[in-house]
Amino acid sequence: MGLENLLLGFQVALQPGNLLFAVVGVALGTLIGVLPGLGGANGVAILLPLTFSMPPTSAIILLTSLYWGALFGGAITSILFNIPGEPWSVATTFDGFPLARQGEGGQALTAAFTSSFVGALFSVILITLFAPLLAEVALKFGPPEFFAIQLLTFSSFIGLGGGDPLKSLVSILIGFIMAAVGLDIVTGQLRLTFGITELMKGFDFIVAVIGLFGISEILLTMEEGLSFKGARARMNPRVVWETWKILPRYYRTFLRGSLIGFWMGFKPGGATPASFMSYAFAKRFSKHPERFGKGELEGVVAPETAAHAAGGASLLPMITLGIPGSPTAAVMLGGLIIWGLQPGPMLFKEKPEFVWGLIASMYTGNVIGVVMVLALVPLFAAILRAPFAVLTPLIVAFCAIGAYSVHSSMIDVWYMLVFGVIGYVFKKLDYPLAPLVLALVLGDLAENALRQSLIMSQGSLLILFERPIAGAISAVAVFFFALPIVAPYWRRMRRTVEAPAPAER
Amino acid sequence: MRAADLITAAVLLIGGLVVAWEAVRLGIGWGTEGPRSGFFPFWLAVIMLGALAGIVARAWRRADRRPFVSRESLRPVLTVLLPAAGFVVVMEWLGFYVAAFLYLAFYMRWLGRYPWPMAALGSFAFPMLTFWVFERWFLVPLPKGPIEAWLGL
Numbered sequence: 067m068g069l070e071n072l073l074l075g076f077q078v079a080l081q082p083g084n085l086l087f088a089v090v091g092v093a094l095g096t097l098i099g100v101l102p103g104l105g106g107a108n109g110v111a112i113l114l115p116l117t118f119s120m121p122p123t124s125a126i127i128l129l130t131s132l133y134w135g136a137l138f139g140g141a142i143t144s145i146l147f148n149i150p151g152e153p154w155s156v157a158t159t160f161d162g163f164p165l166a167r168q169g170e171g172g173q174a175l176t177a178a179f180t181s182s183f184v185g186a187l188f189s190v191i192l193i194t195l196f197a198p199l200l201a202e203v204a205l206k207f208g209p210p211e212f213f214a215i216q217l218l219t220f221s222s223f224i225g226l227g228g229g230d231p232l233k234s235l236v237s238i239l240i241g242f243i244m245a246a247v248g249l250d251i252v253t254g255q256l257r258l259t260f261g262i263t264e265l266m267k268g269f270d271f272i273v274a275v276i277g278l279f280g281i282s283e284i285l286l287t288m289e290e291g292l293s294f295k296g297a298r299a300r301m302n303p304r305v306v307w308e309t310w311k312i313l314p315r316y317y318r319t320f321l322r323g324s325l326i327g328f329w330m331g332f333k334p335g336g337a338t339p340a341s342f343m344s345y346a347f348a349k350r351f352s353k354h355p356e357r358f359g360k361g362e363l364e365g366v367v368a369p370e371t372a373a374h375a376a377g378g379a380s381l382l383p384m385i386t387l388g389i390p391g392s393p394t395a396a397v398m399l400g401g402l403i404i405w406g407l408q409p410g411p412m413l414f415k416e417k418p419e420f421v422w423g424l425i426a427s428m429y430t431g432n433v434i435g436v437v438m439v440l441a442l443v444p445l446f447a448a449i450l451r452a453p454f455a456v457l458t459p460l461i462v463a464f465c466a467i468g469a470y471s472v473h474s475s476m477i478d479v480w481y482m483l484v485f486g487v488i489g490y491v492f493k494k495l496d497y498p499l500a501p502l503v504l505a506l507v508l509g510d511l512a513e514n515a516l517r518q519s520l521i522m523s524q525g526s527l528l529i530l531f532e533r534p535i536a537g538a539i540s541a542v543a544v545f546f547f548a549l550p551i552v553a554p555y556w557r558r559m560r561r562t563v564e565a566p567a568p569a570e571r
Numbered sequence: 348m349r350a351a352d353l354i355t356a357a358v359l360l361i362g363g364l365v366v367a368w369e370a371v372r373l374g375i376g377w378g379t380e381g382p383r384s385g386f387f388p389f390w391l392a393v394i395m396l397g398a399l400a401g402i403v404a405r406a407w408r409r410a411d412r413r414p415f416v417s418r419e420s421l422r423p424v425l426t427v428l429l430p431a432a433g434f435v436v437v438m439e440w441l442g443f444y445v446a447a448f449l450y451l452a453f454y455m456r457w458l459g460r461y462p463w464p465m466a467a468l469g470s471f472a473f474p475m476l477t478f479w480v481f482e483r484w485f486l487v488p489l490p491k492g493p494i495e496a497w498l499g500l
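Each protein sequence line maps, in turn, to chains A and B. Residue numbers for the first sequence follow the working numbering, beginning at 67 and rising by one. Residue numbers for the second sequence follow the working numbering, beginning at 348 and rising by one.
Note that these hints are calculated values from the structure, not bench results. Be careful, since some hints might not be right.
The following label-pair restraints were derived from C-beta to C-beta distances [to be verified]:
(1) 256(A) with 416(B): 52 to 58 Å
(2) 394(B) with 167(A): 46 to 52 Å
(3) 349(B) with 267(A): 34 to 40 Å
(4) 548(A) with 378(B): 30 to 36 Å
(5) 355(A) with 405(B): 48 to 54 Å
(6) 407(B) with 255(A): 36 to 42 Å
(7) 441(A) with 468(B): 27 to 33 Å
(8) 425(B) with 315(A): 47 to 53 Å
(9) 406(A) with 486(B): 15 to 21 Å
(10) 307(A) with 394(B): 28 to 34 Å
(11) 354(B) with 266(A): 28 to 34 Å
(12) 304(A) with 499(B): 55 to 61 Å
(13) 249(A) with 499(B): 35 to 41 Å
(14) 304(A) with 463(B): 53 to 59 Å
If the Cβ cut is set under 10 Å, some of the chain B residues that face chain A in the computed set are [stated by the list, open to error]:
(15) 391
(16) 410
(17) 421
Even glycine gets a Cβ: it sits at the ideal position worked out from N, Cα and C.
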């Protein structure tokens, strides 16, 4: 059953027009991933208005290809310039940059791209197998189950996100409150507008993404005064071939990284811990742990595989449940709604050519991506050497175009600037931005799911725990919420249990 | 850092109180069609106020003397922020294309110290290119001002 559907998908994804969109998407995505201040999420956000008039399948292929390209582009800056474009490329710099400085940049880049490809491919294969099953299960979900999944989504930011739990919670709540501004569709009342007409239509998350991730990132980059003087890499078919001959040695690292990445990645905020975890495991199981951090190829393979497996896996809940696993997936989900599709499990039944075209395009996009970045690395690296006096205004201008064209309104451009400053302050104070954006996107869905659940139960919150599936999911969510409170005690308890042991001798 | 942390938390606290107040006005109880409009925002605000109280208490005790922005790094931040704000102001008046031309010219000439011909060429080419891509190719209209109207575009 699955195979036929995948074939149908490939028929869609391999149409010349869609292949062209994939190539354009990967090229733009890599460019966006390389440029400071632009990443997957706001790259997709800026491009989204351009896709309004496209057929949805071509549009989503363009945007997912852009996503893959941005992931590949992040590896280039991490290895050649020691600038991790995204938090999950931080671990890649540990060994990637030393390798590049030793003149092995070509080897490191080849290893990074190949690992990304393997990790992403692993996730896509699992998505192909599991997405239809998950969608089938999700069809039976009612409002309590959906609200429980939302709880799980946000609890994993707090329990596993690695940031400050209290500040993560505040970020999530700000996102939800901003989502509530405007018309309440259930009662038809205006909320939190305080009589200001501009607030009536609420805050658009695309504008928020462009400001929070784009403008604020440029401000931070400027403040750190980064000069883009990186190592140069020799890339030629021989280097690629030689590296490919070494890489099969690391099959265990590939497998471990893929599994960690997929497992962590389908929960939100998972890509960053996955990359660090995979790096730590590779180091622990290595025969030469002392070489890590000084330019060990395995230290590039491990985090890249995991980060990209996670990047792929974050699309799984978006396709099957309509709940995005990352800010980029959230922007794509917003696109789905704008193109007139109803995200969620019904998509598999109603629009199979869209879903399977999207899944098949993940295969084609990754193949195109790995070939393209291997061939064009010098070109992309040259872009980073362009002076900031040209890059900065261009990036700001493109952000402004993206923000304006969502609703053709100037007020959104102002919002973008304000969000930029907020994002800058929040980032410096450790308020995470990804959960804020996700909450802003999911706010209305979450609120409706909660309200309907409460109507079903006549106002008792216990309904989230009484139904079997919702109960199991809610229990895990409660565990994640409690994790930051429990973890310190747990650690202290273990220490007191272990401490007496040496005294006995 | 400590001051910035406390100020941000205070601003958010005020915001949370305003939201809670508005939510109470809308009704946080049970209406004819289930929970009323203020129900969800009210509890969001209440939980947020609790978390903020925790953040304030912690920041109060911890003496973090690092400055939020050092004097040297404030300058580069402002050289991005102020021209960007100026760009948006001009965009409101004269449309995107003229604003982009001025913005890029300003950056290339005064901050990048490019020779005049280079700066002029670069800042002229960009609006032309975006006009062609967005208005003609993707049919996405960007804000236009009196100059475009005069040119009949």
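So, going through the hints one by one against the coordinates:
Between residue 256(A) and residue 416(B) the Cβ separation comes to about 38 Å, which falls outside the hinted range of 52 to 58 Å. Residue 394(B) and residue 167(A) have their C-beta atoms about 48 Å apart, which keeps the hinted 46 to 52 Å range intact. Distance hint check for residue 349(B) and residue 267(A): the Cβ-Cβ separation is about 38 Å, which falls inside the suggested range of 34 to 40 Å. Distance hint for residue 548(A) and residue 378(B): a CB-CB separation of about 33 Å, consistent with the stated range 30 to 36 Å.
Distance hint check for residue 355(A) and residue 405(B): the Cβ-Cβ separation is about 36 Å, which falls outside the suggested range of 48 to 54 Å. Under the hint 36 to 42 Å, the C-beta atoms of residue 407(B) and residue 255(A), about 38 Å apart, fit the expected range. Checked against the given bound of 27 to 33 Å, the beta carbons of residue 441(A) and residue 468(B), roughly 30 Å apart, stay inside it. Residue 425(B) and residue 315(A) have their C-beta atoms about 51 Å apart, which keeps the hinted 47 to 53 Å range intact.
For the pair residue 406(A) and residue 486(B), the supplied restraint of 15 to 21 Å holds, since their beta-carbon distance comes to about 18 Å. Between residue 307(A) and residue 394(B) the CB atoms are about 56 Å apart, so this pair departs from the stated range of 28 to 34 Å. For the hinted restraint 28 to 34 Å between residue 354(B) and residue 266(A), the CB-CB distance of approximately 30 Å keeps it satisfied. Taking the beta carbon of each, residue 304(A) and residue 499(B) are about 57 Å apart, inside 55 to 61 Å as hinted.
Checking the proposed 35 to 41 Å range against residue 249(A) and residue 499(B) shows it holds: the Cβ atoms sit about 39 Å from each other. Remark: the range hint 53 to 59 Å for residue 304(A) to residue 463(B) is contradicted by a beta-carbon distance near 46 Å. Interface restraint check for residue 391(B): the shortest CB-CB distance to chain A comes to about 5 Å, inside 10 Å, so the restraint holds. This hint is violated: residue 410(B) has a C-beta 16 Å from the nearest C-beta of chain A, more than the 10 Å allowed.
The restraint placing residue 421(B) at the interface with chain A holds, with a minimum CB-CB distance near 8 Å, inside the 10 Å limit.
Violated hints, in rising order: 1, 5, 10, 14, 16; the structure is consistent with all others.
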